[in-house]
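Protein chains in written order, with my numbering: chain A, -11 to 215; chain B, -11 to 215.
Everything labelled a hint here was simulated from the structure, so no lab data went into it.
Please read all numbers here as calculations on a predicted model, not as lab measurements.
Glycine included, every Cβ here is placed at the ideal spot set by N, Cα and C.
Fair warning: there could be bad hints in the mix.
[What the hints assert, rightly or not] Listed next, with one range per pair, are the computed distances between beta-carbon atoms: (1) A:E40 <-> B:H67: 55 to 61 Å; (2) A:E66 <-> B:A44: 27 to 33 Å; (3) A:S71 <-> B:R88: 32 to 38 Å; (4) B:E39 <-> A:I28: 50 to 56 Å; (5) B:A44 <-> A:E(-3): 40 to 46 Å.
[What the hints assert, rightly or not] Output of the computed footprint for chain B on chain A, the stretches with three or more beta carbons under 8 Å from beta carbons of chain B: (6) 7 to 20; (7) 24 to 38; (8) 179 to 185.
Protein chains: 2
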Amino acid sequence: MPNARETKELILDTAEKLFSEKGVDGVSLRSLTAAAGVNIAAAHYHFGSKEEVAKAVFARRIRPVNRERIQLLDTYQEHGQPSVEELLTAFFAPALRLAREPQRGYDFMRLCARFYSEPAEYLESTFREEFSQVLSRFHEAFQRALPELGEEEVGLRLHFAIGVMVHTLLNPTRTCLPRLGPQASDSDKATLDAMVRFVAAGMRSAPAAQFPAGAVAALSAHAEVAQ
Amino acid sequence: MPNARETKELILDTAEKLFSEKGVDGVSLRSLTAAAGVNIAAAHYHFGSKEEVAKAVFARRIRPVNRERIQLLDTYQEHGQPSVEELLTAFFAPALRLAREPQRGYDFMRLCARFYSEPAEYLESTFREEFSQVLSRFHEAFQRALPELGEEEVGLRLHFAIGVMVHTLLNPTRTCLPRLGPQASDSDKATLDAMVRFVAAGMRSAPAAQFPAGAVAALSAHAEVAQ
DNA sequence: CATGGATTCAATCAAACGTTTGAATTAATC
DNA sequence: GATTAATTCAAACGTTTGATTGAATCCATG
């Protein structure tokens, strides 16, 4: 049994890197094992299928992150009701701290976002399994931090907040426009800072509608502007 | 030359539906043409390649939307400096109005978000081409609406705002948690309303950092909580 | 040093992929 | 009614996919 441990982790490390770049669906098991310098059959021997490789590379890192999220939440809650900023920090910080890890931290964060957005069903369900507890805990905590909002409204806003994070992790520098989004020069801490402030303000915004004059008209099929 | 027009649009319509569900990469040209009831060679005859089919189905709908966004922006700007809410409405409303179209509007919005998140390079560049003008105009407009913020900060926040929209369009009802995100009962108008309020508050949030006590510690590698 | 389970390897499988081909079919033009 | 161009079609192209096989190799143990 030559270097069994090395082979298995070599596959996971390489998968983390390639999947995050090209998506799980965009990387063949052949190119993956070739890049790792191992035989194709080794991947099936150690994991059983490509699907299981993907699940393993995901679970390997997301579990410590989600464990830390809950521990941070626990710590904050020991000192009374956490503020919105504290809740957001407890949620965002472990992810961004992992993303900052020198070796492959960032690769994984992108992989994590890909798991969320790729259409394959097993990726979706894997993601759901790994996150259900964390999201349930935070949903509850935000509900208590924002008692004036309905449960549905809190769920909707938490959904928006996750959108900000997923999008930011997935598109760290490059975006549609050169100067849009975090710049290469920005530190992760500055990005987290900006993100927490942005989302906290959104979570706290007034529950009632202060809709601008043109909004309803803009949503109707109006001939004078739309075409 | 039997029903050339019908065949071409049949392919586009079917592609819009299938690509939005499974992603461009997740749908083979074979299954696509089979679902459309046309020969597989017809796709190559009319478009040249699968790539060109994807570009065509995207351009067909995004151009009117982005044209309307700019027209709405022009209309608002005729009456002076638009508010943040007006700018957000001008940006979000055309997309959500299309998403509300009875036939295939929603399919396309999801496709649009997939173009943004799928890793294939040509999807990315196509997206960038179609959006560069719109984003440039709105970046500039937000900069004027929020003069107290630096240009970089506005770009970062606009990036967050797009994240909210992409995420919301991509995950309309189903999410990791049953009661997270827009519910099936929510109307599009209510979702737009909530989205505009959330994002407007984020765009307007104080530029200086009011960081919670634990945030910096949470980002450092701290042994007592992380594990 | 022999045994045996663990691991690696080259070779191969059927299925699916995007693309191409050349003949058949359709509809307009002369 | 023959000619021509546009369109459709079944069939096949070569390549790549995830998965499997059975022989070879390794290493800890007896």
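Run the structure past the numbered hints and jot down the numbers of the failing ones, going up.
Checked against the structure, the hints that fail are numbers 2, 4 and 7, while the rest are satisfied.
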